[in-house]
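Using the hints provided, position chain B relative to the given structure of chain A.
Heads up: the protein sequence lines correspond to chains A and B, in order.
Going by the numbering used here, the letters in the first sequence line up with residues 1 to 190, in that order.
Going by the numbering used here, the letters in the second sequence line up with residues 1 to 190, in that order.
Please note that the accuracy of each hint is not assured.
Identical copies look the same in the list; a pair holds intra-copy or inter-copy alike.
[To be verified] List of simulated lysine-lysine pairs, DSS-like, C-alpha gap at most 27 Å:
{"id": "1", "residue 1": "Lys46", "residue 2": "Lys35"}
{"id": "2", "residue 1": "Lys131", "residue 2": "Lys63"}
{"id": "3", "residue 1": "Lys63", "residue 2": "Lys188"}
{"id": "4", "residue 1": "Lys46", "residue 2": "Lys34"}
Please keep in mind that the hints were generated in silico from the structure rather than gathered at the bench.
Protein chains: 2
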Amino acid sequence: MYREILDHIRKYVVLTPEEEELLCQNLEYKKYHKKDFLLEAGKTCKGNYFIIRGCVRQYFINKKLNEQIINFSIENWWIADQDSLMTGRPSACTIQAIEETEVFLLPEKNKAALFRQVPSLETYFALIMQKAFVAAQRRLGYIFNMTDEERFRHFSSLFPEFIQRVPQYMLASYLGFTPQFLSRLRAKKH
Amino acid sequence: MYREILDHIRKYVVLTPEEEELLCQNLEYKKYHKKDFLLEAGKTCKGNYFIIRGCVRQYFINKKLNEQIINFSIENWWIADQDSLMTGRPSACTIQAIEETEVFLLPEKNKAALFRQVPSLETYFALIMQKAFVAAQRRLGYIFNMTDEERFRHFSSLFPEFIQRVPQYMLASYLGFTPQFLSRLRAKKH
Numbered sequence: 001m002y003r004e005i006l007d008h009i010r011k012y013v014v015l016t017p018e019e020e021e022l023l024c025q026n027l028e029y030k031k032y033h034k035k036d037f038l039l040e041a042g043k044t045c046k047g048n049y050f051i052i053r054g055c056v057r058q059y060f061i062n063k064k065l066n067e068q069i070i071n072f073s074i075e076n077w078w079i080a081d082q083d084s085l086m087t088g089r090p091s092a093c094t095i096q097a098i099e100e101t102e103v104f105l106l107p108e109k110n111k112a113a114l115f116r117q118v119p120s121l122e123t124y125f126a127l128i129m130q131k132a133f134v135a136a137q138r139r140l141g142y143i144f145n146m147t148d149e150e151r152f153r154h155f156s157s158l159f160p161e162f163i164q165r166v167p168q169y170m171l172a173s174y175l176g177f178t179p180q181f182l183s184r185l186r187a188k189k190h
Numbered sequence: 001m002y003r004e005i006l007d008h009i010r011k012y013v014v015l016t017p018e019e020e021e022l023l024c025q026n027l028e029y030k031k032y033h034k035k036d037f038l039l040e041a042g043k044t045c046k047g048n049y050f051i052i053r054g055c056v057r058q059y060f061i062n063k064k065l066n067e068q069i070i071n072f073s074i075e076n077w078w079i080a081d082q083d084s085l086m087t088g089r090p091s092a093c094t095i096q097a098i099e100e101t102e103v104f105l106l107p108e109k110n111k112a113a114l115f116r117q118v119p120s121l122e123t124y125f126a127l128i129m130q131k132a133f134v135a136a137q138r139r140l141g142y143i144f145n146m147t148d149e150e151r152f153r154h155f156s157s158l159f160p161e162f163i164q165r166v167p168q169y170m171l172a173s174y175l176g177f178t179p180q181f182l183s184r185l186r187a188k189k190h
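With the rest of the complex left out, here is chain A (with noise of 0.2 Å):
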């Protein structure tokens, strides 16, 4: 079960057998099915999320109260809501299954005395925000400076996965079409 997720840790750093077990003990395992909750707008965010298996969605409610999908994460990535997270606040988004969805809570209230007892987490962690952070960086530029158009096949191309897996609608909201627009789009496409 714990396979996954010390194989990507190890990609990035190195821990002894008993410090493995020491991140062992401090995760949460849960199960969720299609569109349960691991995360609830107005409620405080828990921890950060590893996905062993399935997919999620994370999304607030705009001001035309449609869903706006900021982010999705799929086997072995992290999500939670880091704003949130830092500053204890309820959060503002929802984190929602797409698919049954097997994830590991690492809680947020184990986090500061597992990373002193195993210094290596903070490193992994920090390299795990750092490819966040250069990821929505890019977004943001990509935003800027390309079509429409242009950001669904780029999108397409460093993802294909999503497009066969996450439902069109959800898609558009991602990249923040209508779905009537991204359906022009793939029918362009063929």
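Leaving out everything else, chain B in the frame of chain A:
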């Protein structure tokens, strides 16, 4: 000279006098005139820059050969091309002084060894990175959820000092406006 950076770090973590000394030994003081480059596109980013005094902008050249500003940084903020630092590849963006600017560079080549000697600094940088990620995520949310005018008003209320300090055409670039549109918005305000 080290007062500002040490004060900033003390807001997040506690360092012993010896640890502060180690940090200071690893910093390089640099001074730039207005329009000097801290980083030029095509070169590899040397490390993280802490602004002691001054103001810089980070931009890339977009496909229309315009400068697209993606970040500003002023006193007590860090700036770097995290993408280049993470991958070791040449940077796609440029960091340039808008005013006479003094910085401390924490060279990337010193970072790993320094973090081993002073683990609290890794905690500090992880927190700074988390803040930067949250800011980038919020900015993505604003782009999808606010009109251009709302985004300008919001930015003005969060960072009133920028409105005074940064040339109007740079502010327009950062917000994704034409200078003419920003000019009309500012005129409306009065």
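Going through the hints against the structure:
1. In the homo-oligomer, the alpha carbons of lysine 46 and lysine 35 lie at most 27 Å apart inside one protomer (19 Å), although the nearest pairing across protomers, at 45 Å, exceeds that limit.
2. Proximity of lysine 131 and lysine 63 under a CA criterion of 27 Å is satisfied inter-copy only: 25 Å between copies versus 30 Å inside one chain copy.
3. When the C-alpha separation of lysine 63 and lysine 188 is checked against a cutoff of 27 Å, the pair qualifies only between copies, where the shortest distance is 23 Å, while the shortest distance within a copy is 31 Å.
4. Taking the closest pair of Cα atoms, lysine 46 and lysine 34 come within 27 Å of each other only inside a single copy of the chain (20 Å); across copies the shortest separation is 45 Å, beyond that limit.
In summary, the structure agrees with every hint in the numbered list given earlier.
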